[in-house]
Each structure stands twice: as structure tokens, then as C-alpha cells.
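Model the full structure from these sequences, guided by the hints.
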Amino acid sequence: MAESPKFYDEMYGHGDAARVPYSDYAKWFSGEEVGNLRRKSSQAEALFRLTGITFNVYGMEEETERLIPFDIVPRIITAKEWAMLEKGIDQRVRAINSFLHDIYHRQEIVRAGRIPEEMIAKNDAFLPQMIGVAPPGNIYTHIVGTDLVRTGENEFYVLEDNARTPSGVSYMLENRETMLHMFPELFSRNKVRRVSHYPRSLRRSLSACAPPVCLENPVVAVLTPGIHNSAYYEHAFLADQMGVELVEGQDLRVIDGRVAMRTTKGYEPIDVLYRRVDDEFLDPMNFNPDSVLGVPGILDVYRAGGITIANAPGTGIADDKAIYSYMPEIVEFYTGEKAILKNVPTWRCSEPEALQYVLDNLPELVVKEVHGSGGYGMLVGPAASKKELAAFRAKLEAKPGNYIAQPTLSLSTVPILAKSGLAPRHVDLRPFALASPKGVEIIPGGLTRVALKKGSLVVNSSQGGGTKDTWVLED
Amino acid sequence: MNNKMKLKISHTTSYHYDKPVPYALQQLRLRPKSRPNQAVLAWDINIAGGRRQVSFEDEHANTVDLISFEPGVQDITVHCEGEVDVSDNAGVTGKHLGFVPLWLFERSTPLTVAGPNVRGLVSEFDKPKDTLEMLHELSAHILEKVPYSTDQTSSELTAEQVVEAGHGVCQDHAHVFIAAARSLGIPARYVSGYLMMDDRVSQDASHAWAEAHTPGLGWVGFDISNGISPDARYVRVATGLDYLGAAPVSGMRYGHGTENMLVKLQVEQQ
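Residue numbers (the numbering used here), protein chains in the order written: chain A, 166 to 640; chain B, 1012 to 1281.
Simulated from the structure, these hints should not be mistaken for lab results. Bear in mind that the values here come from a model prediction, so they are computed numbers and not experimental data. You can trust all of the hints, since none of them are fake.
Sample of chain A residues with no beta-carbon within 12 Å of chain B, all distances over it, derived: (1) Phe194; (2) Ala244; (3) Arg279; (4) Glu318; (5) Glu320; (6) Glu381; (7) Leu411; (8) Lys486; (9) Pro493; (10) Asn508; (11) Gly542; (12) Gln571; (13) Lys618; (14) Leu622.
Label pairs and their in silico Cβ distance ranges: (15) Ala401(A) <-> Gln1085(B): 38 to 44 Å; (16) Asp421(A) <-> Gln1085(B): 20 to 26 Å; (17) Glu282(A) <-> Pro1033(B): 42 to 48 Å; (18) Lys1015(B) <-> Pro281(A): 44 to 50 Å; (19) His1267(B) <-> Lys552(A): 53 to 59 Å; (20) Gly1266(B) <-> Asp421(A): 18 to 24 Å; (21) His1267(B) <-> Phe352(A): 57 to 63 Å; (22) Asp1209(B) <-> His393(A): 56 to 62 Å; (23) Arg358(A) <-> Glu1167(B): 53 to 59 Å.
The list that follows gives simulated cross-link-like pairs (lysine-lysine, DSBU-like), each with its CA atoms no further than 30 Å apart: (24) Lys252(A) <-> Lys356(A); (25) Lys1030(B) <-> Lys430(A); (26) Lys584(A) <-> Lys618(A); (27) Lys205(A) <-> Lys584(A); (28) Lys287(A) <-> Lys1140(B); (29) Lys1106(B) <-> Lys287(A); (30) Lys564(A) <-> Lys551(A); (31) Lys171(A) <-> Lys551(A).
In this text, a Cβ means the ideal position worked out from N, Cα and C, and glycines have one as well.
What follows is the structure, given as C-alpha cells:
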């Protein structure tokens, strides 16, 4: 793996011998014929086409439906590594839920001076309609997808906390299913922790968040924007796997103080709605009046305690880029512990010293707009021309408060099956966490996204990224 | 002017549709609350043609009733009746309470953006000196530049459009005042309620005014249209960032029929 010695390779470390978690896989691989594996890889793709899985990860909703390439080389995580990640994610998810409760109530963290007031006051993700609303168990974000990157043997960083409606979990499940089908022998040789219970865990976790009005057997449903949404497959898949109804806004009415869905037996009240519709479109009576995807009055029923909405409206205030830079403070403030998982060091250009540092080191940094998304208005220093750097410098000086900067991370690599055999490519990881009053459950594994282009650090599916099965090994 | 009054209120809002309505919801912000200078002795809401689904307290402590229409109705009537003791407190409603941070009342909403028109109106005003005195001057200045008139062309005008039009009703005045106050860095909010006009029992419509937050007194009301601060003739019902957040009735319905609304309001002293 001498190709990119600068980067940590999860299979080979910085050397030539496979690391312990990959040693069995490497042995198995050396006994296989590349041509044969490539044929199997095409079969896997055909399998995906057959099931019809298409989706786009959060923040790329504008993309048209497409199949995301699947790579057959698994990404392997040791029990010890996972134990640390699990603890770190658990801590972060608990902190985020406490933060959300605080932000929509007394705002102690602002009063204590740990977060500047304007971070909340000038933030569009703050929903005034959620002020004073305490959902069952004070759980605001029920399903979290924490994006992690690795830069070394023991170096993990959180890239972002997706606390709104993280997607991609169907890929985690289908990737495993496909691997089990194509390479059953690998799973008898390696003790890989299961992920297939995710739908059951999701249903149990959502049920545990039922409102007090529900006395027994909570009715759960999945709300989708409909068949034209890029993640529709995932919505239908999860509803099917959980054994609950998949509904659209037009199927729902406010009846007897509850939100009820049309069924063959008439209207049935819903206790917990797992909604995959964004806040803005959720309720035309309370948010965007032009929305035809939502359920009029659902927020009123919610505020009266007649339904649980997962994730709660207004959770975006916790995963916004500007708030992200305060996550270490947030974790400490609410848990009394130091954050186990590190944030990527972030310079807030609103602070003069930070701005000076950023201006002095611009060619090495990644600069992002505080409220931007989807990579717009972003500068990748090492890839920018002199002219681009100069233009961005002017923008930074004119409106420093609009930007944050981060070092360019040396993302770890995991090999993919390329034409001539294994070749390292950069990866990230999105594990999925479920929060309920009973605690936080993190599924051992997650979605590994991989940049299929050599040298590329962009793992997004829209930029030629693919996915891998993610193995967490048993102790 | 008495500084204590017992007001009897009867407020009926009727809607007629030329076609049956398959499904509709309305949010009512029609329940006044007891507070230091306002004691609600009795208050009832009756709905004909619809039913109450849920009630909750919104972020501004307004009690909201969500009602649904009976399927297929063409007429719905919301009738409120009650008695309220009010005492004159020179418009002061007091200290800011609840979880809503004061900065929220400095954020403009689509109806209360201070553009060139509103900014022009406040160009000679400055935040310093006595805030209370300044707000009274601002209120008078708005009434002078934008006199009261009911020949409006449209409801739900923005503050900018109202200044442009050069005249307005109570709702418009409140929006201009709120936009102006916020542009000066003063938290301000919209109030909907009832006013007993001295010369009559039947009132045209429910009333609206504004409140601004001052350092010493807390929230103080300004009835721009009448050039005074609310006294014992004013019943405060709901507050919000603008009309949309405090509207007595707001809703949505499926179907294509046209709507006719009729309001009957009586406010009399007992």
C-alpha cells in the first residue's frame, strides 16, 4: 500500500502486513481470483437493481434516483475500537437531547455563557414553535447518524451530527444482506456482529417514546413525502421491515384529538410517527403553508401531547455547522464529562485571532459557510488556485462571521476491489443511534461511504462515492 | 374614565361556504387569560358545525383551540361569551415571563420587515433618551404619517406596504409600530383583543395593538390607532410576533368553495 503513505490504511496500517482485524480477510482474499471476485461484484450490483434500492444520503435530496455502487471489500472495525466509538456516540446523543431540551426551555447554556446568544438567535434552525415543548422522555432526536472519519490507528473525529432525518440505514442492512448471500464463508470465518435487528430495535425504541395518551401497543407509522422522494425506497423498506404502515400526508386527518390514518377499518390513531418529511413541510398550518406533503394540525396535536413526532421538529439547531464547533462545550455542559469523540478543530472566523490564523494558513484549510450546505460556497485550500484563494480571502475579510475553517483531514483508506486487485480509497462512517427514555442503542456497524476515485477525499454519492459493508468484530 | 370596569363580551364569527367543505381545521386564539390587571370571570366558546380537537398553550402562553369542521358542512359558527374585570394600568403588562427569549421579539417576520419606508419613518428616532417617551412619540408619529382609514385594499399588508399606502387599520398600525420598534432594537409584539368603544355596544371587529419591552416597566401597550396606551376598556386576548401569530382565527381547508365571513361583536360595561 505504498501508493499513499501519507494516509492511514485500515487494512494495512502504514505497513505491508494486514492488521489483525483484516488478517483473516487478507488470507481469504489471497486465495481468491480477482477476475472471479469482479464477476461476483457485478452479481452483487445486479442483486441491488433487483431489490430496487436507490437512495441519496441526507443533504442531496435534489439528486435523481440512482444506484450507489457497492464495493465487496468489507470495512472492519475491532471490538475495542467499536467500544470506544459506541461510548462516544452514546455520550454525544445524550448531550444533544439535553441541549435540545435546554434550548427550547431555559437556555441555561446561553445564560452560563458557554454558547453566545447570537448562535441561537440568528439561527434559522431554531423553531420558536418548539419553545416549551417537552416530548415524551425529553427525547428530541430519536434517530441520529453521526458522521465519523478516521485519520490514524486511534484517531477518530466527528464530522457532523445528523440529528434531523439521517438516511442511509437501508444501505447498511442491504449491504450486509448481500455480503451474507455472496460470501457466506466469510461470516463463518469471522465473528461479525449482526445489524439485521435494526428494524426491530427501531420499532422498539420508537414505541418506548409513545405519548402518555397511548395506553398499550403503540401504533407506529412512517411518513414519507411520497414516491418522488429520493429516499422513498428507504421509507418503504423501513416501514415494511418494522411491520408498520407507510403513510403520506394526504392519508392523515386530525380526529378525536389524535392524528389518525386511513385504514381498511376506518381511521386509526397513530401514537408515534417516524417522519421522513422535513420540518418546513411537516405542517402547512404551522410551517410552510404551501406544503402539500405534510399533515395540517399535527403540530397542534403534538403540542397537546396526542402524538410523538420522531425526530422532533427543530432538532436542526443541534447539528448546524456553527453549533457543531461548540459540541465539546455542549457535551461537557450536560454530561459533566469530557467529550470522548473529538471534534474536527474548527476556527470560527468571527473571532479575530481565529480569522488571522485562517488567513495566514488558507492554502492548508477547508473553509465552509456557517449556514451553507451541500458543499456550496466552500473553499478547499489545497485544491484551490492562487486566484481562488485571493478571492476567498477577500470574502473572509468582508464577512468573517459567515465562515468557519477546518484543517484538511487525512481521511483513512480501506481497499476497494479495483481492476487489478485491492486499491486504497478514502472512507467515512455513519453509525446509527436510537434514543429513547430507556437509553441509547447504537447498531454495531453503520454505513461506510467510500470515494471510488483514486485520491479523492469526497465520499458523497453525488461525487462518485460508493458504499461498503461495515463489520464490527466480536470480542 | 373609570379605572376599573366589568366588561361583558359576546363575539360571534360565522363562516359560510357556497359548497360543502370536506375537511377543514381552524386554530382559535380566543381565550383571554387572567393577569394582574385583567380577571377573566367567565369565558365560554361554543362551536356550531365543528368540534374542538385539542387545546394547548403556545410559546406566547396563548391558549389555542384546534377545531375541525363536521364533514360536509357549509356553515360554521364560533361563539365566545364571557365577562372580564379590567383595571387601568396605563398599558403596562409587566415583566417578561416564560421561556421565549426577548431577542425573539427583535427578529422581524415577513409582515414586519423594516425596509426603506419604515426606516424613513423612524429616521429621526434614536434608541437613547427615555425609551417610554420615545415609544409614545413613535406611536403618534405613525398615526400622523399613516392615518386611520378603513378603505383598505387588502388584509395582511406588510409594514412596508402600509407605509406606502399611507393609511391603515389597527392591525396595520400595529405592524408598522412593531417593525419600527424592532428596527430600533426594541423588542415588540402584536396583541389581539377587544376594545369597548365608548359610544356604542356593537363593535366593528376585534381590535389590535402592540406592546414594546422597556427596560424599567417591562411590556407596555400602545394602541397606535387611538393614540393611547390600553386602559380599562381593553381586554387582552392573544399575543404573537405579528398578526399571524396572534390571529383570533386562522385555518386551512380542503375543497374549492368561496368563503364568506361575518363578525358580530358586542362589548359592554356591566
